[in-house]
Amino acid sequence: MPDLSPEALASLDEPAFRSCIREFLVANYPPALRNPPKRLHFRDTKPWYLTLSRAGWLAPGWPREWGGMGLSAARQLVMIEEFERHGCARFNDMGITMIGPLLIRFGTDAQKRFFLPKILSGEHIWCQGYSEPNAGSDLASLRTEAVLDGDHWALNGQKTWTTLATDANWIFLLVRTDRNAKQQQGISFLLVPMDLPGITVRPIINLDLHDEFCETFFDNVRVPRENLVGEINRGWSMAKALLGFERLLLGSPKQASYALARLRLLAERMGLADDPSFQDRYTRLRLDLADHKALYEDFAEQVRRGESLGADVSMLKVNQSELYQRITETMLEIAGENAGLLEPMGGNRELHPSGLFIQSRPTSIYGGTNEIQRNIIAKNVLELPG
Amino acid sequence: MPDLSPEALASLDEPAFRSCIREFLVANYPPALRNPPKRLHFRDTKPWYLTLSRAGWLAPGWPREWGGMGLSAARQLVMIEEFERHGCARFNDMGITMIGPLLIRFGTDAQKRFFLPKILSGEHIWCQGYSEPNAGSDLASLRTEAVLDGDHWALNGQKTWTTLATDANWIFLLVRTDRNAKQQQGISFLLVPMDLPGITVRPIINLDLHDEFCETFFDNVRVPRENLVGEINRGWSMAKALLGFERLLLGSPKQASYALARLRLLAERMGLADDPSFQDRYTRLRLDLADHKALYEDFAEQVRRGESLGADVSMLKVNQSELYQRITETMLEIAGENAGLLEPMGGNRELHPSGLFIQSRPTSIYGGTNEIQRNIIAKNVLELPG
Amino acid sequence: MDQAAEFRESLQMVRDSAAAVVPHGDLRRIRALRFTDPGFDRATWRQICDLGWPSLALPESEGGSGLGMRGFVVLAEELGAGLVPEPLVPAAMAARVLSGAPLADLLAGTSLVIPAWQERPNSLDPAADTTLRNGRLTGRKLFVPMAGGADFFLVSAREGLALVPREAPGVMLVLDRTQDGGTFGTITFDHAPATPFPGNLDRALEEAALATAAYLLGLSRRAFAITLDYLATRVQFGQPIASFQALRHRAADLKIQWELMRASVQSAAATLDLESDLPVCRAAVSRAKARAADTSLFITRQAIQLHGGIGYTDEADIGLFLRKAMVHANLYGSAPLHRTRYAALALEEHDA
Amino acid sequence: MDQAAEFRESLQMVRDSAAAVVPHGDLRRIRALRFTDPGFDRATWRQICDLGWPSLALPESEGGSGLGMRGFVVLAEELGAGLVPEPLVPAAMAARVLSGAPLADLLAGTSLVIPAWQERPNSLDPAADTTLRNGRLTGRKLFVPMAGGADFFLVSAREGLALVPREAPGVMLVLDRTQDGGTFGTITFDHAPATPFPGNLDRALEEAALATAAYLLGLSRRAFAITLDYLATRVQFGQPIASFQALRHRAADLKIQWELMRASVQSAAATLDLESDLPVCRAAVSRAKARAADTSLFITRQAIQLHGGIGYTDEADIGLFLRKAMVHANLYGSAPLHRTRYAALALEEHDA
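Chains as they are written, first to last, in the working numbering: chain A, 20 to 405; chain B, 20 to 405; chain C, 338 to 689; chain D, 338 to 689.
Chain A on its own, in the form it takes in the complex:
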């Protein structure tokens, strides 16, 4: 086994770096967790989290001084590609991808020293509190409010789509701290331990009959004053500033690519592999995927060159999600009565058309609905007036 420390990896060229990651995954990733059909809970991913933590691989984008790998965006992309290729499950990564970078950039020294090590050790598991029932795509309507009362913020309101909130012991929130400010002003960034009195978490069963999402209620929760990050009323600007190359990942061909391979498998099982009408449709989907990959590569290349991504990256997200959905719709169409089964066909996890069909549905909704993305493209990319 070669030296896989972040220091050693830094000296490798890209192919060597890539093959190190592959070897590491083969050696360390729990085989049972490859390509899980549903989002896993922390109880399942914890061993893998700790493996990464021990190797120093948990936070590829953080600077080394704070325990990260200090990788460039290009190298982080390589890692992500290899993790995706191996079918690694997403774990509870909000601490790594959101809070860590936020504190590193905007936090006080005390905040960094307190929180960052606890994220790396797995002691703190974070979840995100941005969305509200009436403020999905429309942040101006945000209503959860924090009012300063001595040394504490008095927090009231409700967040929704707090993914895996039942796993988390900390939540980060966008909260209104100035009622009179317009639009996205008057919003601050607050860190809240989940065990404070007045917090209630209610899992929401989703269409996939899974409890991934939650609603989280705050009823006069008293949060220490120092848990605010950065400047007051500047929360949304900070949150936006953190949107880096991660937006590329929303448009990754991963899901569509996975689904297309399953579509072929299903077609074989249904005796349609040589059916000309299926072949025609399948070829169109293959071409759509190949061209999506070409477009994705152009954006990935920007990231590799160290350029920042523009609003046009929304195109990837729209195209990927709708391609993924077309593929799973084709699955339903060719699966015959199997399309209605709740469980995988014959217990084979790879043959579950209805499951993949349902899982593909929210991809055009989360991260900003495709309608919102099209608004963005029209306004910020095409610069259409009105």
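No lab work stands behind these hints: they were computed from the structure. Take these hints with a grain of salt, some might be off.
Covered by chain A, per the in silico footprint, the following chain C stretches (three or more residues, Cβ under 8 Å) [what the hints assert, rightly or not]:
1. 509–520
2. 562–574
3. 649–660
When the alpha-carbon atoms are kept at most 35 Å apart in a straight line, the in silico DSBU-like pairs for lysine-lysine are as follows [said to hold, decoys possible]:
4. A:57 with A:273
5. C:592 with B:65
6. B:65 with B:398
7. C:592 with B:57
8. B:131 with C:592
9. B:398 with C:592
10. B:312 with B:57
Keep in mind the model is a prediction, meaning the values are calculated, not measured. A virtual CB, placed ideally from N, CA and C, is assigned to each residue, including glycine.
Given chain A's structure and the hints, the job is docking chains B, C and D onto it.
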């Protein structure tokens, strides 16, 4: 030959009526004019116009006292169906379908006695002046203006899409007679001889390289005061009141049906008749057409029952035009290099994919664009707020 | 009132009568029955029988309403709108074939007979490998809807049809859950005692396929209505989202597609009532079923999308409609199967 | 500056150089040449030759720029944006095969050589029924673009390639007008005197197909830009129609489709430059050409629709783009042909 006078036809049941029309068309319709690839000019359709006139068949919907056939909407539909089935060309019918009914309903006795016989005799050929360059779907922007000056209207402005204006010796106009009225108020209905000084007609060559459309300019044209129809400033209400079952015809399956038969012919010529991928696509189009016909029949049945049509008839127009276009798009796709030819393939008028493709384009634009139709459906059929 | 108007009024009465089992907008009963055994309510089933619905499509001479398939599709549409899980379509299929005491018991609601005819996925072919010899049935049947609630199976065998009690020896039933909360049964018959029955399922299968299309028509109608309500209610950027033109146009498209589906289903029902030529009937059924499968999934998918995040929760009723469409879209033949059958059966029109 | 950045800069220079022949936004020259003989301008053709464009894709060792197909598709895109009718793509196809004096004359602009290889509609197969015996060529070639302007034809025969002067005895040329104002030639060779030439058209055909895809990319880009301008300018109901959300979303979709086409064409060009395996190259070309054919027609159709009535006049420039797409979409293989070829050639990816 049976008695084909309007009086004799009135006594027949529907099948007999239908077969009379078929026989008449076979006996009298000029074979060279069947399914013309482009809109014909009056020089070409005049003999047929006069044949119909002599038979008393020119104006199926007018009352008999004014020289019409006095047919019910149901019987008019039968006639239209048979004319379409036979591939009869559309002639310069604005006098028959628009001005005649308008005058019969809103005109003075003098107007009726002067104009109606001249329409039936072919002496007056009418064209329509509604649209303006900046008032297509948006009638509130109508700017052509008539100002009363003694016994005359002083007429200034510009109309566009005045179909076959070069054939016409009369034009009917919507003109603004009250600048201060809001929306569609302040608009009147004016009849204008085309030979008055100050009128200029400029043919517009269209995408089909045909001169069917014109622009018509009015520069201080003096129109006799009595050429206004009905009440002043009520022109748009009158024009709207005339929209009867003719709106059904915009959604007739005729064009799509014609195109689908040509698509099959083209596929045979290209050796694709048994190609499974073409078959799949062709079957979908057949099904789309069959279902469109079923929907059309529901609306036609309303007409036959004597009910008036609601805003939902817009659905037919949208669906027919887009189906027609899908069919001609398929033609282009399978025609190979022939898709680029300006003239029919091998001189066979039935094999002209590029021609039909171009002719199908405006069907989603004229008579209110499909975007406007969807606005109407959302507002008036679905009653969506906002 | 002329005959046509009278007929339309009778159809409206059928439509209104469905309210007995489909309380307007209330899906609590439907939710409660999901993922239970047998997935429907026996009391409601008896009520359905009391209303005479399993025999509705039969001629008056055979105890039916005389409204034919035009009446039955109206009823099935309403049951679809209410997501009613009781197995009316399979039972009506059995009623088309049965006679005598088994029919009487079925119609009385005392004995539920479910056809078990399918041996391959995505097939409309009731021809079977199952054998019936010396009163013993041997074979394997797939995708039998709501099989757990049946008292008898009406089984197709090489030698003809046969009735088998569910509890008979040699009958093994395995249930798979479906996305809508119901079940598909896989039934293995191993020398199970069976009573032969005359007739075949040809016509019954067409009727079941068309009634399923009508059921999809109804569930799509209701999913669309719920979505329109949501668009009018949900506020974003200070306005009801129904005011956004892109969504308005989408709604207009859904409406057009729904109306095409309706016209297709209703015209196919008229064809079945008025045409005796089986290929002509089959072409009409295939046209309607292909349209219904595609359009019901299109409408319910779009309904989820237009609901945004809330549409992806199991708490929102709209998801129930998507799940129901997922299960019923491919019953009695998928869209590709029906398109292929249509291409083979339907005469080209040469009159254009 | 690293190598990659330098290459990008060279491509940008090619792009900028196209302005010599493509005046920004002015289509008067293009209009004037429609439906004339030979449908393009010889002076412009010489200018194109002076700029070295017919050999742009050739290796530096053969007098090319060394920018390969990545350079050539950038140029073809720009010419498409200007609807340039001069026959660069067929001439470059000839340049790929020719050598010696014929090549020098072609590149000097003194002798235009157009390949005549096609004998069946919608085919990419240069294999021919045409025969070349004892220096005499006999056969029939179809769809030869701008044939009226050629000095020589480069003809594929069973025995190999041959050069035939247009004015040679036994050469009969019939021209059919095309929707964009150009022509397709049908050429009959009846024992026409011909000079054999070594080589084959395999690679040249792939390059021509890809360059045509790039030409379609360019014309679609410009059609879309004109349409965006129109949306921003045209006022209805008191607002620019660009403010209507349904049209904004349509524009966003057109943008996404255009970007997919761009990525497809550019990645195929890179494949041709970097890959020597012919099936891999063919798969990439088929992918790009299928996408370009479909998307260019989609964008230009929508451009007409978004222009409303004015888009249906010949006076409006937007129609020129639709007509050009109608002609070029199916040159060097239609979308169905390329999809079928892709399915046969491209390896399935098993890494997903």
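Okay, the hints, checked on the actual structure:
1. 509–520: holds (count 5)
2. 562–574: holds (count 3)
3. 649–660: Answer holds; 7 residues pass the 8 Å Cβ test.
4. A:57 with A:273: holds, 15 Å
5. C:592 with B:65: violated, 43 Å
6. B:65 with B:398: Violated. Residue 65 of chain B to residue 398 of chain B sits at ~42 Å, over the 35 Å cutoff.
7. C:592 with B:57: holds, 33 Å
8. B:131 with C:592: violated, 43 Å
9. B:398 with C:592: holds, 12 Å
10. B:312 with B:57: holds, 24 Å
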